[in-house]
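Going line by line, the protein sequences match chains A and B.
Residue numbers for the first sequence follow our numbering, beginning at 68 and rising by one.
Residue numbers for the second sequence follow our numbering, beginning at -6 and rising by one.
Looking from chain B toward chain A, a few residues come up when the C-beta cut is under 10 Å (computed):
#	residue
1	SER307
2	VAL314
3	TYR316
Read the hints as simulated data drawn from the structure, not as lab findings.
Note that this is a predicted model, so its numbers are computed, not measured.
Here a beta-carbon is modelled for each residue, glycine too, at the ideal position from N, C-alpha and C.
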Amino acid sequence: MTGRMFIVDDERTVVETLREILVMNGFDVLGWAYSGEEAVRKYASFVPPPDIVIMDYRLPAKNGVEVMAEILKLDPSARVLFVSADMNARSIALAGGAVGFILKPFGMREFLATVQTLVRKDGS
Amino acid sequence: MALLGSRARSYSMLLVLVVACASVFSLVSAVETTKGPTTISSSSFISAHTSLQLLSISASLSIFGVRWTSGRLTESLQSLFIGGAFLSVGLFHLFHVLSYPGLLESSPYISSDVTTYFHVIARLVIIIALLAAAFLPFKRPAEVSDSIMIILGAVVFTLLVFYVVVFQADSLPSIYSENGRLTSYGRGFEYTSVFLFGLGILVYSCFRRVRRQSAHSYIAAALVVGFFGELCFSLYSLASNLVNLMAYCFEFTSFLILFLALLKESVTMPFGWLALTWRMHEKDQGRLELKTKEAEEARLRAQAHLDFFAHDVSNIICPIVSYAEMLLAGNDLTPQQRKHVGTILKQAQRGGAFVANLRRLADAEAVSPDAFVGIDLGRVLLEVEGFVRSTHPTKIISTTQALPVDTQAIAPGGEHVEGVLYEIMKNAVEDVPEGPVRLSITLRQVRNEHGKRCWQVCITQFDHEFPPETLAEARVIYDPRWGIGRGIASSYSFCLSIVSHFGGRLWIENLPKTDKTQNSRVTIELPTADTMMDLSRGDQT
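Extracted from the complex, chain A is given alone in its bound form (with noise of 0.2 Å):
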């Protein structure tokens, strides 16, 4: 299984840790973003768009939501899966448009598991 990814999140080694399992496991790293700024400005360059897009919800300057909502505003059919600690965070998330949840701390095969069931779905 393969798919391309983006990884958002301000903590270099939750950026770390994600990259090394997805690459381990067969996905495709486009890259990665430590701000919303960065991610949206990054998102834009990426031709063809990444499939899932791993975003966290406390970001410095703008939350993951309203990164999310400008990407889906460059791209209506991105699709974003977000990782938190914020179990709040949850229900804004999904309401704004996101594919899935996961509540950190997470371990690989749960973050493994989540994230093949949202490939598979987008390659059926």
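The hints should help you fit chain B onto chain A, whose structure is shown.
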């Protein structure tokens, strides 16, 4: 200082009053002595007498009225007693005026003796009542029964005196001769009255120092004025003398002072305290609102700090868990290393669960019961099961379900209950590291121990048992019968809120062991709710 000032003022007031009364009295006496008794015409005297007496009657009945209508504003038995006595005094003065020569002369029962008796008795009642009141407990609360007894007593006493004076006048000694002068009995009554007023001044002056009641100052002042009035009454040689008219003026003035005393004690002071209390209440209300606002701001700050804390700790734990899982998934570890990495993973997961639960508990505290909207438990159970399956694709999960087919199982709790059900199923799946997970989910309506209808969700896990410490922690936290504690094992904390607000129970147990297997079960009972109205009312058990 305020007390000293108040006492000094009342002393000054008394002194001024004594000097003023003594001056007036001396002046009138001097005129009477040097120029002989000053007599005014009969018609003028009757007009002046009737007017002054009507004022005195008004003052007497006002004294009674103020005390009677102020009811429970004041709790003084003493003032109630004085009020009751003045009902009699007012009536005696009324009888005195009505029986005065020139008003009801046609009645065979009316005579100058009757008229004078009513007036003398009225004054004796005043001074005896005031002397008796001085020895009544000032602070003793007056009950309703006290009021009734005193009023009844006053009315009965007045009627009795009226009967004796009017209809048994022959049996009483004559106190007023037909030539317009008092007899020796009459003089005796007057001197007794003067003596008693003097005694009253002494008593109230002493009590005023001991009890420090402002009403006592007023009563003492009234007695001073009344004393000079009595002196005037004892001095006149003819009823139409100026000194007699002067006595009525003193009498009315003393009634007025007593009225002010009762008004102050029964109305002014209680309303003053009420106004003061109201101002303090308003200040306290303002302080309370400020403190509530500060507390809410502090709560929000704490919540924000907790959010950052949870976020940062989660970001720390995420890589630990993921890398530990990566290591365990590989084949490079020795059995000893695998064991150690497994411990790291388990402890990191516990840390993550702790942070998540801490946040849930904080959220549960912040959530208003109004936010616990109704949900269909049957639908939610199916959705949660599907979600758990999708997030654990490598697990073999087999479930049997027994859900209501033709009815919605509506219960309060909204998405919070959904979160709890997700936690239960997720834990059930993750507690089994290898092999299939077998679950049985049942939802049914039962009556709880209080006889109230509720929905019961049972999630039974086969081939699994809870460790004793988990059972103990869960029991302490979630079962109200064991008291609600809040340990670190704060999973399902929303249910705690739901249980607190709506009633219900949540408990875990290991089922009786059979030969082949040991099963465990989590049970949630939530009150049934048919409509939103039911939810907002809170179907408490």
